[in-house]
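**Q** Sequence:
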Amino acid sequence: MQNLWNDSDAKAAIEQYNDVSEDIALRVYTSRLIGADLSLVLHGGGNTSVKSVAKNALGEQVNVLYVKGSGWDLDTLQPPGLPGVQLDHLIKLRQLDSLSDEGMVNEQRTHLLDASSPNPSVETLLHAFLPHKFIDHSHADAILVIADQPDSDALCRKIYGDSMGIVPYIMPGFDLAKAAAEVYEKNPDVKGLFLINHGLFTFGATAKESYDRHIEAVQQAEDFIASHETKKLSPIGTGTTADGGDILSAIGPCLRGLYAEETGQSWVIH
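66 is the number of the first residue of the sequence shown in the numbering used here; add one for each residue after it.
Misleading hints may appear alongside valid ones.
[Claimed, not checked] Taking lysine-lysine pairs in the DSS-like style, the calculated list, with each CA pair at most 27 Å apart, reads:
1) LYS120 - LYS256
2) LYS273 - LYS251
3) LYS243 - LYS256
4) LYS198 - LYS76
5) LYS116 - LYS243
6) LYS198 - LYS116
7) LYS157 - LYS198
8) LYS223 - LYS256
9) LYS116 - LYS256
10) LYS223 - LYS157
11) LYS273 - LYS198
12) LYS116 - LYS251
13) LYS251 - LYS198
Think of the hints as simulated: they come from the structure by calculation, not from any bench.
Generate coordinates for the entire structure from the input sequences, incorporating the hints supplied.
**A** Rendered as structure tokens:
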């Protein structure tokens, strides 16, 4: 896992996006670094955020969460792909006992700085409920190899010790956001959160710190996997029938028929 941060490139990003704040420019820069590595994000996967300030129509300064919007991929992210949502209102939502997905989307859309912005990520509240300025989230291949194991909790502890908070699997949304915040608050010294059957969140006071932690965590997972590789088996053929035909070709029609009868679907066996 290669850390692609470059001071000169970061400075160039600030100059390139000189019509937005430095916070947003650097958020775009490291988001694109993450999105450019296919081992970090599935297509369209992952999201990032930054907490900053902006002025509303009355000239009042408000706290804002800029988070990746739906329809944008990290590798091609531009400032318009980071819809700004009034952060103070999002934080208040944590007081609720429950909030449906529809209600969550409504609360986010009705508190956008710009009504024409794309829908904020489904994990917006998770970003909001954590206090860190920069937050990075991905579904890195190496992380999922660990996160999808039956003993993923123990494996995570073996790899990261106490530097990662472990969040049990919960569907993305309000409940996951609350659970993640609670895990963080029990150990505020963690560098990130390891979400079982889901992915990785890292955070920091700067774009570089959050990104560095993300790459480091994925590298640790890759190193662990490499040190526990299983024996590789060579492929073998299916053998032949008495008349020299291929066994799979001979029984394939029977198997397809059985599967079709059971499921009502057509099957291709190879």
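**Q** Would you mind marking each hint as holding or not holding in the structure?
**A** Checked hints:
For the hint linking LYS120 to LYS256, the alpha-carbon distance of about 31 Å lies beyond 27 Å, and the restraint is violated. A C-alpha spacing of about 25 Å is found between LYS273 and LYS251, which places the hinted pair at or below 27 Å, so the restraint holds. With a CA separation close to 18 Å, the supplied pair LYS243 and LYS256 stays within the 27 Å bound. Distance hint between LYS198 and LYS76 is fulfilled; the C-alpha atoms sit about 19 Å from each other, no more than 27 Å.
Straight-line distance between C-alpha atoms of LYS116 and LYS243 comes to about 18 Å, which keeps the hinted pair within the 27 Å bound. In summary, the hint linking LYS198 to LYS116 is supported, as the alpha carbons are separated by about 5 Å, within the 27 Å threshold. Between LYS157 and LYS198 the CA atoms are separated by roughly 18 Å; this keeps the pair inside 27 Å, and the hint holds. At most 27 Å may separate the alpha-carbon atoms for a hinted pair to count; LYS223 and LYS256 meet this at roughly 16 Å.
A C-alpha spacing of about 17 Å is found between LYS116 and LYS256, which places the hinted pair at or below 27 Å, so the restraint holds. Between LYS223 and LYS157, the direct Cα distance comes to roughly 36 Å. Violation of the 27 Å bound is thereby established for this hinted pair. As the CA atoms of LYS273 and LYS198 are separated by approximately 11 Å, the hinted pair is consistent with the 27 Å bound. With a C-alpha separation of about 22 Å, the suggested pair LYS116 and LYS251 falls inside the 27 Å cut-off, and the hint holds.
A hinted pair counts as satisfied when its Cα atoms are at most 27 Å apart, and LYS251 with LYS198 qualifies at roughly 19 Å.
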